[in-house]
Amino acid sequence: MVLSQAQIDEIASNFHEKFVKFLALRDPLKVAACYEPNAVLIQSGQETKVWFGREQITQMLKLFLANYNPNAGDKLTQSLATPNGEYVILQGICEEGGNWKPYEVVLRKQSDGSYLITRDEFKV
Numbered sequence: 000m001v002l003s004q005a006q007i008d009e010i011a012s013n014f015h016e017k018f019v020k021f022l023a024l025r026d027p028l029k030v031a032a033c034y035e036p037n038a039v040l041i042q043s044g045q046e047t048k049v050w051f052g053r054e055q056i057t058q059m060l061k062l063f064l065a066n067y068n069p070n071a072g073d074k075l076t077q078s079l080a081t082p083n084g085e086y087v088i089l090q091g092i093c094e095e096g097g098n099w100k101p102y103e104v105v106l107r108k109q110s111d112g113s114y115l116i117t118r119d120e121f122k123v
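The opening residue of the sequence shown carries number 0 in numbering that gives the first Met the number 0; numbering runs sequentially from there.
Please keep in mind that the hints were generated in silico from the structure rather than gathered at the bench. Misleading hints may appear alongside valid ones.
Pair ranges (Cβ atoms, derived) [as the list claims (entries may be wrong)]: (1) Lys48 to Gln6: 15 to 21 Å; (2) Ser12 to Ala71: 38 to 44 Å; (3) Leu28 to Thr117: 25 to 31 Å.
Result set (DSS-like, lysine-lysine): computed pairs, CA atoms no more than 25 Å apart in a straight line [as the list claims (entries may be wrong)]: (4) Lys100 to Lys29; (5) Lys122 to Lys61; (6) Lys122 to Lys74; (7) Lys17 to Lys122; (8) Lys108 to Lys17; (9) Lys61 to Lys17; (10) Lys29 to Lys48; (11) Lys17 to Lys29; (12) Lys48 to Lys61; (13) Lys74 to Lys100; (14) Lys122 to Lys20; (15) Lys74 to Lys20; (16) Lys29 to Lys61; (17) Lys122 to Lys48; (18) Lys100 to Lys48; (19) Lys17 to Lys100; (20) Lys108 to Lys29; (21) Lys20 to Lys108; (22) Lys74 to Lys29; (23) Lys61 to Lys74.
Note that the structure is predicted; figures quoted are calculated from it, not measured. Even glycine gets a Cβ: it sits at the ideal position worked out from N, Cα and C.
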């Protein structure tokens, strides 16, 4: 079944809302639970860094969330999906130190119909 743009936007919005809520709680385990066990998190920019798997991502999140500003802006700018809905792509911008930085998150549909992050890239 091909997803409509409204369905794609709903999946993206619901996931984004949950993810931002978990970030605001500053709980690295709740945030990391949004990632697949073998997900990849990529920091691109002047110095590229990569974290593989939920365990490494959790360790990175502990450092990130220690200085996280829950009042920083975060906006979805585009939602895309593969025709079968297996993958949903969220593109957006988040505020860091008064600057807006782009990010892209790829969600993969799980056997229970939920979505988890398989690839997350943000620019610094």
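TODO: Measure nothing beyond the straight line between the CA atoms of Lys100 and Lys29; if it is 25 Å or shorter, mark the hint as holding.
DONE: 23 Å, holds
- [ ] Sort out whether Lys100 lies within 25 Å of Lys74, counting only the CA atoms.
- [x] 10 Å, holds
Task: Range hint 25 to 31 Å (beta carbons of Leu28 and Thr117) holds or violated - done: 19 Å, violated
Open item on the list: For Lys61 and Lys17, compute the direct alpha-carbon distance and say whether it is at most 25 Å.
Closed with: Roughly 18 Å between the alpha carbons, so the hint for Lys61 and Lys17 holds.
Open item on the list: For a C-alpha distance cap of 25 Å, please report whether Lys108 and Lys29 respect it.
Closed with: Answer holds: Lys108 to Lys29 is near 19 Å, not above 25 Å.
Open item on the list: So if I understand the rule, the pair passes when the alpha-carbon distance is 25 Å or less; does Lys17 with Lys122 pass?
Closed with: At roughly 21 Å apart (the allowed maximum being 25 Å), Lys122 and Lys17 satisfy the hint.
Open item on the list: Against the 25 Å threshold, does the CA-CA distance of Lys74 and Lys20 hold or violate the hint?
Closed with: With a Cα-Cα distance of about 13 Å, the restraint between Lys74 and Lys20 holds, given a limit of 25 Å.
Task: Distance restraint between Lys29 and Lys48, which requires alpha-carbon spacing of 25 Å or less - done: Roughly 22 Å between the alpha carbons, so the hint for Lys29 and Lys48 holds.
Open item on the list: Check the hint pairing Lys122 with Lys48 against an upper bound of 25 Å on the C-alpha distance.
Closed with: 10 Å, holds
Open item on the list: Between the alpha carbons of Lys122 and Lys20, is the straight-line distance 25 Å or under?
Closed with: 21 Å, holds
TODO: Take the C-alpha atoms of Lys48 and Lys61, compute the straight-line distance between them, and say whether it is at most 25 Å.
DONE: 16 Å, holds
Open item on the list: With the threshold set at 25 Å, check whether the alpha-carbon distance from Lys29 to Lys61 stays at or below it.
Closed with: 11 Å, holds
Against the hints set out earlier in the document, violations occur for numbers 1, 2, 3.
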